[in-house]
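A.B. asks: Listed here are the chains, written in short residue letters.
Number of protein chains: 2
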Amino acid sequence: MSKLPEYAKHIASKVDEFIYETVKGSPELLYNASLHYVKAGGKRLRPLITVLSCRVCGGNEDLAVPGAAAIEILHTFTLIHDDIIDRDELRRGVPTVHKLWGEDIAIIAGDTLHAYAYKCLLRALERGAKPESVLRAFNHLIESAIVVAEGQTLDLLLSRKETASIDEYLEMVEKKTASLMIGSALIGASLAGAPPEIENRLREAMKAAGIAFQIRDDILGLLGDEKVLGKPVLSDLREGKRTILVIYTLSVVDEMKKRKLLSVLGKRDASIDELREAAEIIKSCGAVEYADKIAEEYAKKALELINSIETRDLEARELLKELVQFMIRRRY
Amino acid sequence: MSKLPEYAKHIASKVDEFIYETVKGSPELLYNASLHYVKAGGKRLRPLITVLSCRVCGGNEDLAVPGAAAIEILHTFTLIHDDIIDRDELRRGVPTVHKLWGEDIAIIAGDTLHAYAYKCLLRALERGAKPESVLRAFNHLIESAIVVAEGQTLDLLLSRKETASIDEYLEMVEKKTASLMIGSALIGASLAGAPPEIENRLREAMKAAGIAFQIRDDILGLLGDEKVLGKPVLSDLREGKRTILVIYTLSVVDEMKKRKLLSVLGKRDASIDELREAAEIIKSCGAVEYADKIAEEYAKKALELINSIETRDLEARELLKELVQFMIRRRY
Chain A
1 MSKLPEYAKH
11 IASKVDEFIY
21 ETVKGSPELL
31 YNASLHYVKA
41 GGKRLRPLIT
51 VLSCRVCGGN
61 EDLAVPGAAA
71 IEILHTFTLI
81 HDDIIDRDEL
91 RRGVPTVHKL
101 WGEDIAIIAG
111 DTLHAYAYKC
121 LLRALERGAK
131 PESVLRAFNH
141 LIESAIVVAE
151 GQTLDLLLSR
161 KETASIDEYL
171 EMVEKKTASL
181 MIGSALIGAS
191 LAGAPPEIEN
201 RLREAMKAAG
211 IAFQIRDDIL
221 GLLGDEKVLG
231 KPVLSDLREG
241 KRTILVIYTL
251 SVVDEMKKRK
261 LLSVLGKRDA
271 SIDELREAAE
281 IIKSCGAVEY
291 ADKIAEEYAK
301 KALELINSIE
311 TRDLEARELL
321 KELVQFMIRR
331 RY
Chain B
1 MSKLPEYAKH
11 IASKVDEFIY
21 ETVKGSPELL
31 YNASLHYVKA
41 GGKRLRPLIT
51 VLSCRVCGGN
61 EDLAVPGAAA
71 IEILHTFTLI
81 HDDIIDRDEL
91 RRGVPTVHKL
101 WGEDIAIIAG
111 DTLHAYAYKC
121 LLRALERGAK
131 PESVLRAFNH
141 LIESAIVVAE
151 GQTLDLLLSR
161 KETASIDEYL
171 EMVEKKTASL
181 MIGSALIGAS
191 LAGAPPEIEN
201 RLREAMKAAG
211 IAFQIRDDIL
221 GLLGDEKVLG
231 KPVLSDLREG
241 KRTILVIYTL
251 SVVDEMKKRK
261 LLSVLGKRDA
271 SIDELREAAE
281 IIKSCGAVEY
291 ADKIAEEYAK
301 KALELINSIE
311 TRDLEARELL
321 KELVQFMIRR
331 RY
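In order, the protein sequence lines correspond to chains A and B. Each residue of the first sequence is one higher than the one before, starting from 1 at the first, in my numbering. Each residue of the second sequence is one higher than the one before, starting from 1 at the first, in my numbering.
Source of the hints: derived by calculation from the structure; they are not laboratory data. Treat the hints with care, since some could be wrong.
Chain A stretches covered by chain B per the calculated footprint, using a threshold of three residues with CB under 8 Å from any CB of chain B [unchecked claim]:
| id | stretch |
| --- | --- |
| 1 | 2-9 |
| 2 | 144-154 |
Over 10 Å on every C-beta distance to chain B, these chain A residues come out as not near it, computed from the model [said to hold, decoys possible]:
| id | residue |
| --- | --- |
| 3 | T78 |
| 4 | D111 |
| 5 | S165 |
| 6 | E197 |
| 7 | G224 |
| 8 | L229 |
| 9 | D254 |
| 10 | E255 |
| 11 | K260 |
| 12 | D269 |
| 13 | R276 |
| 14 | Y290 |
| 15 | R312 |
| 16 | R331 |
Glycine is no exception: its CB is placed at the ideal position from the N, C-alpha and C atoms.
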């Protein structure tokens with residue numbers, strides 16, 4: 001039986017404890033808004049990548065926790081700002097930060113978490129991480145933050161274009177989604193003092209895993225169960241997102257279906273019937289099967305790369321592989 | 001004759017060069033939006049504080065430049081997000097970032113600069129700064145970012161209350177404005193490897209100077225010349241800001257004037273006549289003279305503290321004092 005769910009819970013509790021210990025201050029309202037999504041749940045996937053990468057590179061779990069908390073907090077900050085941009089109203093089963101506190105506070109709450117991500121990482125020094133290792137980890141954290149912002153911009157720009165190519169999609173996803181997964185792994189590796197060769201292999205593995213994860217996310221946005229997901233389905237269509245499903249569909253269907261789909265994409269006040277009709281066009285042309293196949297290919301590549309890393313902590317390597325498999329088979 | 005204007009220009013050019021060398025990437029649109037205010041001008045006061053503090057603590061100018069660029073970029077990020085929150089349309093004589101690119105891109109552009117602030121500082125390693133010094137400077141930069149966010153929140157919360165006390169105002173200003181000035185000085189001091197005793201004195205000096213600076217800003221927001229300022233006057237009233245002028249006025253005028261002023265404060269669609277009438281109530285009750293006096297007291301305290309720091313670089317200490325004097329006498 002898989003040890004992953006139990007280990008994930010164990011790490012989540014350590015990371016959460018570290019977050020609550022670090023992210024605190026006044027005014028209370030700002031901290032309530034900032035920690036809203038942390039309290040609401042979440043999978044804590046990225047912290048798990050950080051901890052397992054650190055272990056694979058010979059470091060221990062506790063050394064990785066500040067880095068794991070840092071990347072989770074960075075991720076949470078991007079969710080708060082993304083939700084404003086996407087005008088989403090639900091996340092992790094709770095109303096979004098801007099719905100509850102208004103956009104002004106949501107902007108500031110995101111900024112607050114962004115700064116606290118660096119603060120979490122700085123605290124690795126208290127656990128005996130070397131200054132040089134912490135600075136290398138900082139470089140990865142900063143790079144992730146920058147590249148995510150570039151990816152969010154590409155995402156916005158793509159949704160304003162009529163068509164997008166798979167290559168444009170992959171570039172966007174690599175930046176918007178995979179960069180945080182890459183950062184998660186490299187922060188763990190840096191804190192363990194891993195050599196550049198291992199970092200490069202982890203980078204390539206997490207790039208592939210991150211793309212597979214996003215493709216799965218695109219599919220769940222079409223076929224997922226809202227109650228399990230904790231966020232609305234079909235909102236990608238309303239927001240005009242160029243998901244891999246949309247790009248594939250636009251490239252294979254006839255002109256009439258293409259026009260129909262384009263007329264709904266990005267239509268903020270689209271009715272549920274219009275959204276369902278658009279979803280039907282996507283489902284019936286084989287886009288889901290296509291996307292599934294691509295996701296499997298990326299996941300396979302990630303698994304091979306992880307498998308090629310030599311380590312004394314075989315258990316950590318196995319758990320990291322299981323995690324990648326979960327990323328493309330998850331239902332939430 | 002004062003050497004300050006010439007030295008300020010010299011440092012601004014070094015800092016700008018460093019910024020343009022560091023803050024670059026794609027998509028182009030994101031970088032255009034992010035660098036919009038940097039290109040539009042600005043006083044580069046905070047970089048000057050960083051460089052002069054570094055010199056006072058025995059470090060050299062070039063060692064301080066990455067830290068100076070970091071704090072300027074952090075400041076610029078807060079301006080982009082502040083302008084969205086305050087719905088301002090003009091800054092440094094140009095349309096605000098969200099007016100030109102929309103709020104979505106403006107949010108992301110601010111986030112991008114926030115991350116680049118840390119990247120700028122990290123590059124101090126290339127100039128021979130010790131890892132431990134860079135990590136101490138990081139701590140100050142992170143602290144500034146967090147405290148500014150707390151201050152922005154207090155600013156919003158105060159503007160939603162009918163009255164505020166001077167103490168509440170001072171707490172808000174210390175967090176919203178002074179914290180970046182404090183961070184500017186402490187980053188410079190850290191990069192120079194200054195002892196904690198000197199850091200504490202700089203912290204107190206910059207806290208006082210920052211409060212004086214903000215009081216001057218409040219006054220310019222009432223009496224300033226739009227063309228010189230590069231941003232609209234009287235918008236503080238429209239936004240309902242609890243400036244020191246408003247707080248003083250509400251505490252001294254009769255009930256009728258108080259009601260009149262409160263009816264305009266925070267009224268987004270207030271006419272220019274209503275704003276002028278409110279401004280007249282403030283001017284005629286002696287609020288400006290009161291605020292001027294308080295600003296002078298804080299500036300005096302800052303000057304005394306700076307003067308008490310022993311240094312071999314007497315020129316830098318004189319320039320830092322001149323800078324504080326400029327901060328409360330400036331017309332823009």
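A.B. asks: Are the hints correct? Go through all of them and say.
C.D. replies: Consistency of the hints with the structure:
1. 2-9: violated (count 0)
2. 144-154: holds (count 7)
3. T78: The assertion about A/T78 is violated, with a minimum of 8 Å to chain B.
4. D111: Violated, because the least Cβ-Cβ distance between A/D111 and chain B comes to about 5 Å, which does not exceed 10 Å.
5. S165: holds, 15 Å
6. E197: Holds, because the least Cβ-Cβ distance between A/E197 and chain B comes to about 22 Å, which exceeds 10 Å.
7. G224: The claim stands: A/G224 keeps its Cβ more than 10 Å from every Cβ of chain B (closest is about 25 Å).
8. L229: holds, 23 Å
9. D254: Answer for A/D254: holds, closest chain B Cβ roughly 32 Å.
10. E255: The assertion about A/E255 holds, with a minimum of 30 Å to chain B.
11. K260: holds, 27 Å
12. D269: holds, 18 Å
13. R276: holds, 27 Å
14. Y290: holds, 27 Å
15. R312: holds, 28 Å
16. R331: holds, 30 Å
Checked against the numbered hints listed earlier, the structure breaks hints 1, 3, 4; every other hint is satisfied.
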